[in-house]
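> Chains A and B supply the protein sequences, listed in that same order. Everything in the first sequence is counted per this note's numbering, starting at 1 for the first residue and increasing by one. Everything in the second sequence is counted per this note's numbering, starting at 1 for the first residue and increasing by one.
FYI, nobody ran anything at the bench for these hints, they're computed from the structure.
Straight-line Cα separation of at most 30 Å, BS3-like style, residue types lysine-lysine; simulated pairs:
no., chain 1, residue 1, chain 2, residue 2
1, A, K50, B, K386
2, B, K386, A, K33
3, B, K159, A, K168
4, A, K189, B, K502
5, B, K300, B, K76
6, B, K396, A, K47
7, B, K396, A, K33
8, A, K84, A, K189
9, B, K159, A, K165
10, A, K4, B, K415
11, A, K15, B, K386
12, B, K534, B, K67
13, A, K198, B, K502
14, A, K195, B, K502
15, B, K156, B, K144
16, B, K67, B, K121
17, B, K386, A, K32
18, B, K534, B, K262
19, A, K191, B, K502
20, B, K502, B, K491
21, B, K159, B, K534
22, A, K8, B, K396
23, B, K156, A, K165
24, B, K156, A, K168
25, B, K159, B, K173
26, A, K195, A, K84
27, B, K415, A, K15
28, B, K396, A, K15
29, B, K67, B, K144
30, A, K32, A, K47
31, B, K396, A, K50
32, A, K50, B, K491
33, B, K386, A, K47
34, B, K159, A, K84
35, A, K189, A, K168
36, A, K8, B, K415
37, A, K165, B, K173
Chain A stretches covered by chain B per the calculated footprint, using a threshold of three residues with CB under 8 Å from any CB of chain B:
no., region
38, 12-22
39, 67-74
40, 88-97
Being a predicted model, the structure only gives us computed values, none of them experimental. For every residue, glycine included, the Cβ atom is placed at its ideal position computed from N, Cα and C.
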Amino acid sequence: MYGKGILKGLSVTWKRFWDTYTEDISWMLRGKKRYNTEEGIRHRSSKDTKGIFTVQYPEEQLIVPEEFRYVPFLVYDEGADGKKEIRCTSCGICSKVCPPQCIWIVRTNDPSTGRPVPVPTNFYVDMDICMNCGFCAEYCPFDAIKMDHDFDIASYDRNVYNLDKLLKPAKYYAEIRPENYTREEEARKAKEAAKAAKAEAAAA
Amino acid sequence: MATPVQTQTVDLVARFPGMVTADARPGYTGFIVNKENLVEVATAIRDEFGFDLLTAVTGVDYLAENKMEVVYHAYKTTGGPGLVFRVQVERVDPVEVPSLINIWPGVDFQEREAWDLLGIKFTGHPDLRRILMWEGYEGHPLRKDWKEPFFEEEAKPFKSRWPDGQHTFAENKNPFRDNLKFPADFDPEKFEVVNEDGLYASLERHTMKNEEGSLNTDHIVVNMGPHHPSTHGVLRVAVTLDGETIIGLKPVMGYLHRNHDKIGERNTYLQVIPYTDRLDYFNSMSNNFGYVTTVEKLMKIQVAERAEYIRVIMAELSRIQNHLIFIGMLMNDLGTMYTPSLYAFEERELVLDIFEAVSGARMMCNYFRFGGVVRDIPDYVMQKIKDLVLERLPAKTDEMERFLNENEILVARLKGIHVLNAEDAIKYSVTGPVLRATGVPYDLRRADPYSIYDRFDFDVAVRQNGDMMDNYLIRFDEIRQSLRILEQALKQIPQGPINSQKPQYQVRVPAGEAYGRIESPKGELAFYVVSNGKPNPYRYHVRPASFVNLTAVESMCIGSKIADFVALLAMLDIVMGELDR
Ligand code: SF4
Ligand code: SF4
Numbered sequence: 001m002y003g004k005g006i007l008k009g010l011s012v013t014w015k016r017f018w019d020t021y022t023e024d025i026s027w028m029l030r031g032k033k034r035y036n037t038e039e040g041i042r043h044r045s046s047k048d049t050k051g052i053f054t055v056q057y058p059e060e061q062l063i064v065p066e067e068f069r070y071v072p073f074l075v076y077d078e079g080a081d082g083k084k085e086i087r088c089t090s091c092g093i094c095s096k097v098c099p100p101q102c103i104w105i106v107r108t109n110d111p112s113t114g115r116p117v118p119v120p121t122n123f124y125v126d127m128d129i130c131m132n133c134g135f136c137a138e139y140c141p142f143d144a145i146k147m148d149h150d151f152d153i154a155s156y157d158r159n160v161y162n163l164d165k166l167l168k169p170a171k172y173y174a175e176i177r178p179e180n181y182t183r184e185e186e187a188r189k190a191k192e193a194a195k196a197a198k199a200e201a202a203a204a
Numbered sequence: 001m002a003t004p005v006q007t008q009t010v011d012l013v014a015r016f017p018g019m020v021t022a023d024a025r026p027g028y029t030g031f032i033v034n035k036e037n038l039v040e041v042a043t044a045i046r047d048e049f050g051f052d053l054l055t056a057v058t059g060v061d062y063l064a065e066n067k068m069e070v071v072y073h074a075y076k077t078t079g080g081p082g083l084v085f086r087v088q089v090e091r092v093d094p095v096e097v098p099s100l101i102n103i104w105p106g107v108d109f110q111e112r113e114a115w116d117l118l119g120i121k122f123t124g125h126p127d128l129r130r131i132l133m134w135e136g137y138e139g140h141p142l143r144k145d146w147k148e149p150f151f152e153e154e155a156k157p158f159k160s161r162w163p164d165g166q167h168t169f170a171e172n173k174n175p176f177r178d179n180l181k182f183p184a185d186f187d188p189e190k191f192e193v194v195n196e197d198g199l200y201a202s203l204e205r206h207t208m209k210n211e212e213g214s215l216n217t218d219h220i221v222v223n224m225g226p227h228h229p230s231t232h233g234v235l236r237v238a239v240t241l242d243g244e245t246i247i248g249l250k251p252v253m254g255y256l257h258r259n260h261d262k263i264g265e266r267n268t269y270l271q272v273i274p275y276t277d278r279l280d281y282f283n284s285m286s287n288n289f290g291y292v293t294t295v296e297k298l299m300k301i302q303v304a305e306r307a308e309y310i311r312v313i314m315a316e317l318s319r320i321q322n323h324l325i326f327i328g329m330l331m332n333d334l335g336t337m338y339t340p341s342l343y344a345f346e347e348r349e350l351v352l353d354i355f356e357a358v359s360g361a362r363m364m365c366n367y368f369r370f371g372g373v374v375r376d377i378p379d380y381v382m383q384k385i386k387d388l389v390l391e392r393l394p395a396k397t398d399e400m401e402r403f404l405n406e407n408e409i410l411v412a413r414l415k416g417i418h419v420l421n422a423e424d425a426i427k428y429s430v431t432g433p434v435l436r437a438t439g440v441p442y443d444l445r446r447a448d449p450y451s452i453y454d455r456f457d458f459d460v461a462v463r464q465n466g467d468m469m470d471n472y473l474i475r476f477d478e479i480r481q482s483l484r485i486l487e488q489a490l491k492q493i494p495q496g497p498i499n500s501q502k503p504q505y506q507v508r509v510p511a512g513e514a515y516g517r518i519e520s521p522k523g524e525l526a527f528y529v530v531s532n533g534k535p536n537p538y539r540y541h542v543r544p545a546s547f548v549n550l551t552a553v554e555s556m557c558i559g560s561k562i563a564d565f566v567a568l569l570a571m572l573d574i575v576m577g578e579l580d581r
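Okay, chain A solo, but in the shape it has when bound (with noise of 0.2 Å):
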């Protein structure tokens, strides 16, 4: 019969729209919510997903993994009376992989002696040229430099993001990329404990 596979494929049409009402029907039943609620979304995304898939930005938003990454930020960690104490030490690695070489820095120099300090004095990274590439956090051999999450930064100007515009605290790496913290955090501990014993042992 002419037709006949048409409406074959009608039906699936049909059962997808239907899909939509049936999943609402039945989370609304389990008294649930599927829509603005990080458990609908993520059922949205899941292997069972039925029905609408979409997911209403900027309303709700996709929660993104932990790997995910977006332009690059400079890491902090927390001194006494709130020092920002400045984990990069302008070696300068990161400036030399990144593949569109969109990040300058400025490396400080002693004033007295001219030897350089492991501290930059500025740092810059162009944010429209960066390719988002991971590069930097990657070979930054003092995880100093790592992605972030935050990827509304539309604006009317060039972004080009200077030392104190990509500075943010170690807490908030840790919020973004716990599983990763933990592990840099556990590594760093271990190479410490492994030279204290080491200087120990020396000093015996």
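Please build the complex by placing chain B with the ligands on the supplied structure of chain A, with the hints as guidance.
What follows is chain B with the ligands alone, placed relative to chain A:
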């Protein structure tokens, strides 16, 4: 698993004494053919030795040796290792090399590209115009002595970034100053958009003449694009029509050209990886795969066992979503606006969720490294992959088939509309699903296995008719085979490290050349890399499937109706990021 060693299967030197010499440079393989004998030797390579598929034509500028070289990579569609042969000519303009277009018509666009970017004149090529740059452009940008606007240094990293990296905008430093060349009589005020006589003249050549005694009809030239709503990017096609029948056709491309090759040559080996993401932006995982395999060949390193499996998993997931989108977009091209394509996008989103969770980005994954991958797959993502592969994707593929395959309108549009036959497909160096739909079971995962594909049990999808229906159905077959590979990979994947190398931001690559090819969802994606031992590739060339497959578009479409043209073009599954580079 090491990549299979390319063994020399033929001895050209013995067959052509005095015309061919073996390439003795360390790290190089293959033969150097005298320019005068190129056509003769090439004919023998095709007819006597059976290398029917010429996949790549690459120009290389050896500035220091004052030489230009054209490298050819020929393969057999029955499988097995390839043959590399090359010609070397003095680097004095005009640099002339005989064209091989009469032996392998598939070299058409690639020779035009080498002319355009390197200024190698292929004598005997009937239509040697610029292809990626515009007509009237001055210079050949891939030559080693050519410098781009905003040129800073020969190679990255630039010294101005550290230790005294004061930020400056590039345009302030060099606003079109000394390194943008214009033709001598160039006047911006009087600039005519483009001189298109060449294009229309080339159309003329392919326009069939009216038969003697038949009714004389007028032919009209229609320009489709560069903004045709259903294009897969910005492509322009000039067609000559006789009524509704296409009698001449020429694609015009380059609107998205950024000289990816040159960028690659300025980059370090590592820095190229994220740029490859931007080639075929639907399949950044496959692009990464192709590039790192090539460089690993040069570096002669092993890939960590677990990483091999992760790579295969990612590449096959990528293939599945690519084919689903192909099906959806084809429906768009046929006029079924958006319902099927959005169904396809739904599954693609779920696959991209996986990519995002492992690599950090949905499309620009930048996930592969030399020797392995960046990071392991977290457990919850592994679970999600299993859920998709074992449950959801097979069911959704079935649903898609139920949804479309028997639709009478679709069948009427696709069945019996000829795309290519096997002979033409091979002649035009077409690879991938389009070639396999003509009955040639040529899949690099089997024919020239790379990575660990030889460990999996799967069938090469083939269809026999070469019509649109087969081209469409073969995508479903391939999805099924990919799911089969994935099932096995997920079962077999061992624990262990995910990179055989220490993470390092600058790798050492021994001097030499390598040609690495993979079966990307669109066809053969290959990279040709020449290293001279420095931190940056000396020559970096991409052989994209979209670009070479498009060579066949002319012979595919001539004689068919204009209404079918958009669908025929869709069959090639081109993506402009890769085509224009
Ligand atoms: S951010 Fe890291 S890699 Fe970059 S200069 Fe600072 S310490 Fe070095
Ligand atoms: S993410 Fe990549 S492009 Fe952006 S600053 Fe870091 S290295 Fe450079």
